[in-house]
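Required output: the full structure, derived from the provided sequences and hints.
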Amino acid sequence: MKFYWIKTNILIKNIFSGFVWDLPNKEKKVYLTFDDG
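Its first residue numbered 39, the sequence shown is counted upward by one per residue in our numbering.
Hints may be right or wrong, so weigh each one.
[Said to hold, decoys possible] The following label-pair restraints were derived from C-beta to C-beta distances:
no.	residue 1	residue 2	range
1	K64	W43	19 to 25 Å
2	K40	E65	28 to 34 Å
3	M39	E65	27 to 33 Å
4	Y42	N63	19 to 25 Å
5	T46	F72	17 to 23 Å
6	K67	W43	17 to 23 Å
7	D74	I48	27 to 33 Å
8	N52	D74	29 to 35 Å
9	K40	V68	28 to 34 Å
The hints are simulated quantities; they were obtained by calculation from the structure and are not laboratory data. Keep in mind the model is a prediction, meaning the values are calculated, not measured. Where a beta carbon is used, it is the ideal one built from N, C-alpha and C, also for glycine.
Printed below as a string of structure tokens:
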């Protein structure tokens, strides 16, 4: 299994500006997400 670093395009971020795209990184935390599909 390969891991890919995926960065969201700035145009998509501007179109969907109501979404949270970047999390503040003042604290050292790791956020894990899982896709069961």
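Using the Cβ atoms, figure out if K67 sits within 17 to 23 Å of W43. 18 Å, holds
Mind checking the hinted window 19 to 25 Å against the Cβ distance between Y42 and N63? Once the Cβ atoms are compared, 21 Å apart, the range 19 to 25 Å for N63 and Y42 holds.
Does 29 to 35 Å hold as the CB distance between N52 and D74, or does it fail? Since the Cβ atoms of N52 and D74 sit about 30 Å apart, the hinted range of 29 to 35 Å holds.
Honestly, do K40 and E65 meet the 28 to 34 Å range at C-beta? With a Cβ separation near 29 Å, K40 and E65 satisfy 28 to 34 Å, so the hint holds.
Is it true that K64 and W43 lie within 19 to 25 Å of each other by Cβ? 22 Å, holds
Indicate whether the distance between the beta carbons of M39 and E65 respects the range 27 to 33 Å. Taking Cβ atoms as reference, M39 and E65 lie about 29 Å apart, which means the hint holds.
That 28 to 34 Å hint for K40 and V68 (C-beta), does it hold up? Violated - the Cβ-Cβ distance for K40 and V68, about 20 Å, lies outside 28 to 34 Å.
Would you say the C-beta atoms of T46 and F72 sit inside 17 to 23 Å of each other? 19 Å, holds
How does the Cβ-Cβ distance of D74 and I48 compare with 27 to 33 Å: does it lie in that range? For I48 against D74, whose Cβ atoms are near 30 Å apart, the range 27 to 33 Å holds.
Violated hint for the displayed structure: number 9, the only one.
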